[in-house]
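A.B. asks: Protein chains in written order, with my numbering: chain A, 1 to 245; chain B, 1001 to 1416; chain C, 2001 to 2169.
Hints are computed from structural coordinates only; laboratory data are not their basis.
Among the hints, erroneous ones may be present.
Pair by pair, the computed Cβ-Cβ distance ranges are [said to hold, decoys possible]:
#1 T1034/B to D2105/C: 28 to 38 Å
#2 D1367/B to Q2012/C: 28 to 38 Å
#3 A2050/C to P1260/B: 20 to 30 Å
#4 E2140/C to P1345/B: 30 to 40 Å
#5 T1339/B to P2069/C: 29 to 39 Å
#6 T2125/C to T1034/B: 22 to 32 Å
#7 H179/A to L1032/B: 46 to 56 Å
#8 D1312/B to T2125/C: 49 to 59 Å
Quick list of in silico lysine to aspartate or glutamate cross-link-like pairs, EDC-like style, CA-CA up to 20 Å [to be verified]:
#9 K1270/B to E2081/C
#10 K183/A to D107/A
#11 K1371/B to D2147/C
#12 K1080/B to D1259/B
#13 K1080/B to E2153/C
Small disclaimer: the values here were computed from a predicted structure and weren't measured.
Cβ coordinates follow ideal geometry from the N, Cα and C atoms, glycine included.
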Amino acid sequence: MEIIRQPAGAPVRPSDESMTDFRIRQLRSRDLLNGDLDDAELQQYVEQSIITTTMSKAVDWARGNAMFPATFGLACCAIEMMSIVASRVDVARFGFEAFRASPRQADLLILSGRVSIKMAPVVRRIWDQMLEPKWAIAMGACSSSMGVFNNYAIVPADKFMPVAVHVPGCPPRPEALMHGILKLRHEIVTGPEQGWRERYEAVGTEELVPLLNRNPAHPSEDRAVLPEGSETAVGVARVEGTDVA
Amino acid sequence: MSATDYDYRQVEDSITMAPLGRQVHENRHDELLTLNFGPHHPATHGVLRLLVTLEGEVVRDLQPIIGYVHTGIEKTAEDKSYWKVIPVVERMDYLAYYFNAYAYCGAVETLLEVEVPTRAQYLRVIHMELNRIMSHLVWLGTSCLDLGAISMFWYCFRERERILDLFEQSSGQRMHTRYFQVGGVMEDIPVGFAEKLRQFIAIMPERVDQYESILNKNEIVIQRLRHVCPLEAETLMELGVTGPLLRAAGVPWDLRKHDPYCSYGDFDFKVPVGDAGDNYDRFMVRIREMRQSVRIIEQALDGLPEGPWITDDRKVALPPRHELATSMEALIHHFKLVTEGFRVPPGEVYHPVESPRGELGCFVRSDGSSKPARVHMRDPSFVNLQATRPMCQDAYIADLIATLAALDPVLGGIDR
Amino acid sequence: MPDATGLELLAQALRDADPDCVLDTLHFRGKAQITVAPASIRATLQALKAKGFRFLCSVHGVDYYPDEPRLGVHYELLDMERVDRITVKLRVPLDAPEVDSVTHDWPTADHQEREVYDMFGVTFTGHPNPRRILMPEDYEGHPQRRDFPIGGEPILFTVNQATGTHYTE
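Only chain A is shown next, with the shape it has when bound in the complex (with noise of 0.2 Å):
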């Protein structure tokens, strides 16, 4: 992320000029109330106050500035994610405070803590629980690869599901989250296709998009249109009961 910095003697006083220019605009939306704008002018107006930009950006800025982190804490490293919605590392600065406790409701799986051979498979259930778009940040060495526990116990997360940013440290300090967490922020607001379906031959996991091949005559074929190239046998999504006009 970019980091503007100022010359600390900037004038606290604003000048004469942006004076002048923040007087210009305040008539000018004295004018636009009144209605006394004309085209040129109203024109100019609304282009200076208006940004202009593609849905599928709007959305990614959307989701990158409102992740719902699940509360997912499994050892040391959840300490240190506590410290991050403590105030001195403020998560909340960010939009990222509200952790939601039902997959259902999360986007962001932060893997803090190591991840035992019992727990993986309740981890992947809850991986699979969340629904897309989502993301894993494996936070800490242990869950990124084995850590400080290279035993018969421990899995590394990349086994079993994708992780989007590895945070390193035992365990990291908040501030190495948060930057974790803003660069997993600033991949998803410029865009979120981070290829890791085809880093890790998952194409064709995806969730089914609800493209129903409907033919009125015959019901009971109702089907769902799979994304071309897979070949994994994703299932049947039926609906029962509705009616198509």
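Got chain A sorted already, so can you dock chains B and C onto it with the hints?
C.D. replies: Only chains B and C this time, still in chain A's reference frame:
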């Protein structure tokens, strides 16, 4: 009946739930529901799984299932030299890392029969008591979160950040600092640490006052915690429970007082003891322990003696860097210690300490080589968890949550 | 701690009750350790309870590989009034790893004996819930035995990734 004849008070008095009540009673025993309080749950402190059998909202049976964060720490410790086991073992009970390290270092020092210098002992006491306060703060914040008093979380973590700043100043790391070494501590405290510690000591008692003023006489806290899930001292001792849970039930057992180690005998402090053994007492005992820890730290800081911070035995502790330039033996010792590690004479020892959750013991068996043959940590939460069932029998499920919070289980220690 | 003479007196009292129960006594680094025969563990612990050691701190297992008998179980007892500790040890061979469970007398041993079973394979007869506690229910093997491999993943270096021998596939 005309309107004037209708006396609503009479009608109300005639309605009785008695026949309905009997009906509900008779069918009650059919209504047992077994619910999975899964490993992923916001109110279980870590990945604890409980199979709860409920009758309505009353808990009739409870079975904890653990192992979801089992890390094989004890097995990993057999694979590493004694020095390298310290960071592995620290990550067990992840809120009391200095205690894990001290239990292990104490066991190895007993086997080696090395003398720990007094300055190192006092520094160890300071860091352990700071860790005790920090563990109780995290416990208080998360427990109040479970009760619904969410603001306490931010207050407690605000203090916790100050303590972590102190840890960072002395060792460079906030958590799992590897500061305790076999024979003493890794480094002397830097300039400015004592200053900052004094500022912390000055401000902490008034912060504890603030916490007590929020919680002590709060109607909701009292209703949720007073007379809720008590367990008498006899049962607790049979179950092997130690620490604040036992002290809340009235047994003043504290290893720092009864079996002083690491020069705790030099300090004057009280051991808070409750009388009813209910959740309210468990809360109050821990909050008061924070105050006593501040007293201990103040006395340790005032009485901090000059001297070495690690033992002089070069076969156990690294020589100081400036000696490596002049002394050949120092170089050889340094080389041996860093590559192979020190060898410990064969034997078995069990070294207990008083951690924030109870008696934390470390069993080390050495077979004469440079790696331990068995390291076992007797974790207090592992044993205290057995008390959940007797405590929560016939209590409401909301009381189960409050009791789990008051138990202070740390799953890293339970599962190791 | 009971000193060396106190330990010998305790051992003598135990021998008077049952001649073959005490196999060894050791006073090491100021702490008392006593080795008993596996068959008499319940009686020994009850006798020590009568002498005041009423708190069982810890039940843990040890693998003495390659010494035989291989599997050991240690019981740490504490006398709160006199602040005394004593360790009671027993050793069982791998082919007959049965020990009487002391859970009925000492409820604290419940989870701890399950852990010893899970990690070492010592079966406790009479335990109310003899199942694995830390490993998954269907796990095979007893991980903390000395001859169980430590496991783990090979360390992922970039060169492995380049040649395609990394574990993510």
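A.B. asks: Confirm or reject each hint.
C.D. replies: A quick look at each hint next to the structure:
1. Our hint of 28 to 38 Å for T1034/B and D2105/C holds, since their Cβ atoms are close to 30 Å apart.
2. In this structure the supplied range 28 to 38 Å holds for D1367/B paired with Q2012/C, their Cβ-Cβ distance being about 30 Å.
3. A hinted range of 20 to 30 Å holds for the C-beta pair A2050/C and P1260/B, which are about 28 Å apart.
4. Between E2140/C and P1345/B the beta carbons are some 36 Å apart, a value that agrees with the proposed interval 30 to 40 Å.
5. A hinted range of 29 to 39 Å holds for the C-beta pair T1339/B and P2069/C, which are about 35 Å apart.
6. Look at T2125/C against T1034/B: about 28 Å separates their beta carbons, and that is inside 22 to 32 Å.
7. Checked against the hint of 46 to 56 Å, the C-beta distance between H179/A and L1032/B comes to roughly 50 Å, which is consistent with it.
8. For the pair D1312/B and T2125/C, the beta carbons lie near 52 Å from each other, so the given range of 49 to 59 Å is met.
9. For the given pair, K1270/B sits about 19 Å from E2081/C by alpha-carbon distance, which is consistent with the 20 Å threshold.
10. A threshold of 20 Å between alpha carbons decides the hint, and for K183/A with D107/A the separation of about 16 Å falls inside it, so the pair holds.
11. Between K1371/B and D2147/C the alpha-carbon distance is near 15 Å, which keeps this suggested pair within the 20 Å criterion.
12. A hinted pair counts as satisfied when its Cα atoms are at most 20 Å apart, and K1080/B with D1259/B does not qualify at roughly 31 Å.
13. Distance check on the hinted pair: K1080/B and E2153/C sit about 17 Å apart at the alpha-carbon level, within 20 Å; holds.
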